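Kindly generate the complete structure, drawing on both the sequences and the hints.
In order, the protein sequence lines correspond to chains P and R.
The first sequence begins at 134 in the numbering used here and counts up one residue at a time.
The second sequence begins at 113 in the numbering used here and counts up one residue at a time.
What the hints contain is simulated information worked out from the structure, not anything from laboratory work.
From a predicted model like this one, the values you see are computed outputs, not experimental measurements.
There's no promise every hint is true.
Stated by the list, open to error - Computed cross-link-like contacts, DSSO-like style, restricted to lysine-lysine with a CA-CA straight-line distance of at most 30 Å:
| id | chain 1 | residue 1 | chain 2 | residue 2 |
| --- | --- | --- | --- | --- |
| 1 | R | K238 | R | K255 |
| 2 | R | K247 | P | K140 |
| 3 | P | K336 | R | K231 |
| 4 | R | K231 | P | K140 |
| 5 | R | K292 | P | K140 |
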Amino acid sequence: MVSIAAKNLLHDRTRLAISAGGVGFAIMLVLVLGATYDGVYRQAGLFVENSGADLFVGQAGVADTLHSFSILPLNLTDDIAAIPGVERVCAIISRTVEAHIGAAEHPRFVLVGYNESHGTAAPWKMLEGGRLPGPGEIVIDQVLARKDGVSLGAEVTLGGRTFRVSGVSVETNMFIMQYAFVRFEEIQGIVLPPGSVTYFLVKVSAGYDARAIGDEIERRVAGVDAFTIGELASNNREVISGSFLPILLVLYVTGFVIGIAVIGLTVYAATMERSREYGILKAIGAGNRRLAGLVLAQAILLAVFGFLAGLLITGAAGLIIGAAVPEMTLYFTPAALPQVFVASIGMSIVAASLPLGRLARIDPASVFRRG
Amino acid sequence: MDALRAAGLTKTYGEGDAAVRAVDAASLALRAGEVTLIMGPSGSGKTTLLFLLGGLLHPTAGHVWVNGHDLAGLRERELPGIRLRNFGFVFQDFNLLANLTAQENVQVPMELASVRPVKARERAAKILSALGLRKRLDFLPEKLSGGEKQRVSIARALANGPRVLLADEPTANLDSALGKTVAGLLRRIARATRAAVLIVSHDSRIVEVADRLLLMEDGRLRTMP
Chain P
134 MVSIAAKNLL
144 HDRTRLAISA
154 GGVGFAIMLV
164 LVLGATYDGV
174 YRQAGLFVEN
184 SGADLFVGQA
194 GVADTLHSFS
204 ILPLNLTDDI
214 AAIPGVERVC
224 AIISRTVEAH
234 IGAAEHPRFV
244 LVGYNESHGT
254 AAPWKMLEGG
264 RLPGPGEIVI
274 DQVLARKDGV
284 SLGAEVTLGG
294 RTFRVSGVSV
304 ETNMFIMQYA
314 FVRFEEIQGI
324 VLPPGSVTYF
334 LVKVSAGYDA
344 RAIGDEIERR
354 VAGVDAFTIG
364 ELASNNREVI
374 SGSFLPILLV
384 LYVTGFVIGI
394 AVIGLTVYAA
404 TMERSREYGI
414 LKAIGAGNRR
424 LAGLVLAQAI
434 LLAVFGFLAG
444 LLITGAAGLI
454 IGAAVPEMTL
464 YFTPAALPQV
474 FVASIGMSIV
484 AASLPLGRLA
494 RIDPASVFRR
504 G
Chain R
113 MDALRAAGLT
123 KTYGEGDAAV
133 RAVDAASLAL
143 RAGEVTLIMG
153 PSGSGKTTLL
163 FLLGGLLHPT
173 AGHVWVNGHD
183 LAGLRERELP
193 GIRLRNFGFV
203 FQDFNLLANL
213 TAQENVQVPM
223 ELASVRPVKA
233 RERAAKILSA
243 LGLRKRLDFL
253 PEKLSGGEKQ
263 RVSIARALAN
273 GPRVLLADEP
283 TANLDSALGK
293 TVAGLLRRIA
303 RATRAAVLIV
313 SHDSRIVEVA
323 DRLLLMEDGR
333 LRTMP
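Structure, rendered in structure tokens:
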């Protein structure tokens, strides 16, 4: 019976190609939306996770590094360092700034003043150049470099100071904003008032619990909140979930509805077009359940063709998106493909139910009537 | 031995003054190995009678017994299985599935009856070869002549070894010579397989293949001498 389903589908190859392409586009939409969300979600925590610290200490009330702004006096360093279990404390600056590249480009990015003594909050993965910028040097994200045509050796001006690009980092793109890194002392007093910092990054001594030390810091130092790396990365990702997820869910559902509509329309048209043949099968002895199985087999085959087409279209879309919108980081999780495949089979099951009512009403005796 | 028996079969369409009795208390028996021919003018009710006998239509009154089942007492969803295992249908318009080859068309009833595909394929080839279509196994219906299509249709009807073969105007779309060939084939099949063959037809040229001739007029069935 599956061969009948396959032959009915393959009989009109143009229609099959159009239908599989339509399903493929719906699947591409779902895959790309998912990969965009997963990409942004993953990136949201990477800076914190790769900072080299165990705790982030920020201004009280600041719960994430994405849209909250923390400012603390530098002289809290000693207070925090004095707490038992704190191995070291590094102050960093993290601030959204506007830079000048050449005469025309004024990119905005998150400038991080990393701690050069321990490499804390420095870039962690490089495309080219040195990882730790030295005096007068800056490391910028690869998307920023591509968007603004900046290469190694180019000059970037910030608050009246000029930096030479010494490296291009990866995984430092946050979709709407990218990171750049300079030495901490080079931007002290430039992007924040003198004597101010954004966060203190704390390394906890071996054998101490980071959360317990964080609690102790909050108890002893007024006006600060301390977060473990896991907590802060999670807070960052919740910001992404909260702002992106509802939009993505709507688009996800749209993708599925399009897929169901395309499969449903194709299977419905194919079923109605062949209603006489279904009548023949009924007359011969096929029950409604067998015919429903036949329609379902067609829908599933179409979903499989559509899924394969979707993979090809997604591959092409990934290349186009990467070239046209470099800040859009697509991250395909290992679970994404099986999930979307199962979902496409689900789409086909829903779509196959559309013509079942008509199928059940086909009169097997009708095939005896002429022509 | 009776392969099928019908008693008091009646089919009425509409109600009250508008009621039309398409089949009126028809009774008959189809015997294994025999060819029964029902003739009659258009609108006489012979095709409706064929529907009733083949379990394609529920009678208003009366009974049809085949293989121990009274079709009139069965539920709608039970009838396909009864048709599949007891009946073979030969249609005037052949009604082959256009996207399947001759061999695949013959396999369909067997696959519906859960015969393993390999076995169904072998049996389909054997039946088609016996009907002279050995070289047409992989042909799509559109590549076959009218006579060949009707032989594939007959092969499909024989696929599950039916007790009763019901043929609706099987020669109507064939020329005289081919019509006679197909009618002769149905007679040989009745003899060889012990299936009861019922032919409903206008075609008086095939009278000679019939063991019994019945006439249908205004929904009533009469035996011809």
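So, going through the hints one by one against the coordinates:
no.	hint	in the structure
1	K238(R) / K255(R)	holds, 20 Å
2	K247(R) / K140(P)	holds, 22 Å
3	K336(P) / K231(R)	violated, 74 Å
4	K231(R) / K140(P)	holds, 21 Å
5	K292(R) / K140(P)	violated, 34 Å
Violated hints for the displayed structure, listed by number in ascending order: 3 and 5.
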